[in-house]
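*Asks:* Sequence:
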Amino acid sequence: MTADAPSDERLAARTVGDAGPRVVFVHGLFGQGKNWTTAAKGLADRHRVTLLDLPNHGHSPWTDRVDYGDMAELVAAELESFGEPVTLVGHSMGGKVAMTLALRRPELLRALVVVDIAPVEYPLTDGRTDDPHEEASPFAAYIAAMRAVDLGALRTREDADRALREAVPSTMVRSFLLQSLVREGVGSGRWRWRLNLETLERDLGELRGFPDPPPGATFDGPVLWIAGAKSHYVLPEDRARMDELFPSTRLVKVKHAGHWVHSEQPEVFVETLRRFLEVVEG
1 MTADAPSDER LAARTVGDAG PRVVFVHGLF GQGKNWTTAA KGLADRHRVT LLDLPNHGHS
61 PWTDRVDYGD MAELVAAELE SFGEPVTLVG HSMGGKVAMT LALRRPELLR ALVVVDIAPV
121 EYPLTDGRTD DPHEEASPFA AYIAAMRAVD LGALRTREDA DRALREAVPS TMVRSFLLQS
181 LVREGVGSGR WRWRLNLETL ERDLGELRGF PDPPPGATFD GPVLWIAGAK SHYVLPEDRA
241 RMDELFPSTR LVKVKHAGHW VHSEQPEVFV ETLRRFLEVV EG
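Residues in the sequence shown are numbered consecutively from 1, following UniProt numbering.
For the record, the hints were derived by calculation from the structure and aren't laboratory data.
Ideal placement from N, C-alpha and C gives every residue a C-beta, glycine not left out.
Possibly wrong hints are sitting among the right ones.
[As the list claims (entries may be wrong)] Label-pair ranges, simulated between beta-carbon atoms:
hint: 1; residue 1: R162; residue 2: P215; range: 46 to 56 Å
hint: 2; residue 1: D150; residue 2: K253; range: 33 to 43 Å
hint: 3; residue 1: T218; residue 2: D150; range: 22 to 32 Å
hint: 4; residue 1: L235; residue 2: K41; range: 24 to 34 Å
hint: 5; residue 1: L251; residue 2: R147; range: 35 to 45 Å
hint: 6; residue 1: V279; residue 2: A140; range: 38 to 48 Å
hint: 7; residue 1: G216; residue 2: V182; range: 14 to 24 Å
hint: 8; residue 1: R147; residue 2: R239; range: 33 to 43 Å
hint: 9; residue 1: E184; residue 2: P214; range: 20 to 30 Å
hint: 10; residue 1: R46; residue 2: D161; range: 33 to 43 Å
hint: 11; residue 1: K255; residue 2: V279; range: 19 to 29 Å
hint: 12; residue 1: P85; residue 2: R250; range: 35 to 45 Å
Could you put together the complete structure from these sequences and hints?
*Replies:* As structure tokens, then:
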């Protein structure tokens, strides 16, 4: 467990906004709750917005394995503490956590928002299509690059940025990953990752799948699917499985956005979410 993990095994959480219906965000692989800060501020005038750090990320506890069922149980415990159904928003890995929870504990949710992921298995290294422009799954390479950074010799964050550049050519993605690189203490303290990279690397194959839902389970509440128009994470052939498990689904594709929709098109993302919440909350 990390030094800044809570001792009672609760997930780290931060809430923005003082009144209104509850909206809860869960991030994707290598992320943390603060990735959603822009969206939270965009909704906080009318909502209480809670940003969670999933296990092995951010300030939350590290665990012995990475498993969607386990993560969904920990998120469910947080939702139970609110005493009211919430709208749960999840991106990528967090979207799979949110879907898993919706299918197992539907009474905890008012609505579900899934961002650029489908309830299917993804390839560990290759792409999903024959499109030559599709990037093969990069996550194993990202973990290897982060683990290869010599933290003992690191002087500045810029040094780490340079070390990641070959494996992570996108400036946006490097900046995202480096949010989890922190310095112990003040000044010349040692650097460390707020990511359980060893366990994430070992269990990456688990994360590419999607756990079997309980027999006959569906989530019948309102579901908004937000996908990046330039992303290959949600394909036309995924729609049948989406509709089977989540029959009240509306799919929106955001132009000029890839997998990180909320970072690439933040204003469109928040406006799409606001309109959905207005309908859901009546």
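*Asks:* For every hint, state whether the structure bears it out.
*Replies:* Verification of the hints:
1. R162 and P215 have their C-beta atoms about 51 Å apart, which keeps the hinted 46 to 56 Å range intact.
2. Remark: the range hint 33 to 43 Å for D150 to K253 is upheld by a beta-carbon distance near 41 Å.
3. Between T218 and D150 the Cβ separation comes to about 49 Å, which falls outside the hinted range of 22 to 32 Å.
4. For L235 and K41, the hinted distance range of 24 to 34 Å is satisfied, since their beta carbons lie about 32 Å from each other.
5. Checking the proposed 35 to 45 Å range against L251 and R147 shows it holds: the Cβ atoms sit about 36 Å from each other.
6. For V279 and A140, the Cβ-Cβ distance of about 39 Å falls inside the hinted range of 38 to 48 Å, so the restraint holds.
7. Remark: the range hint 14 to 24 Å for G216 to V182 is contradicted by a beta-carbon distance near 45 Å.
8. At roughly 37 Å, the beta carbons of R147 and R239 sit within the given window of 33 to 43 Å.
9. At roughly 43 Å, the beta-carbon separation of E184 and P214 lies outside the given 20 to 30 Å, and the hint is violated.
10. A C-beta distance of roughly 38 Å is found between R46 and D161, which places it inside the suggested range of 33 to 43 Å.
11. The hinted window of 19 to 29 Å between K255 and V279 holds, with their beta carbons roughly 22 Å apart.
12. A beta carbon spacing of about 19 Å between P85 and R250 contradicts the range 35 to 45 Å that was offered as a hint.
When held up to the earlier numbered hints, the structure conflicts with 3, 7, 9 and 12 and fits the remainder.
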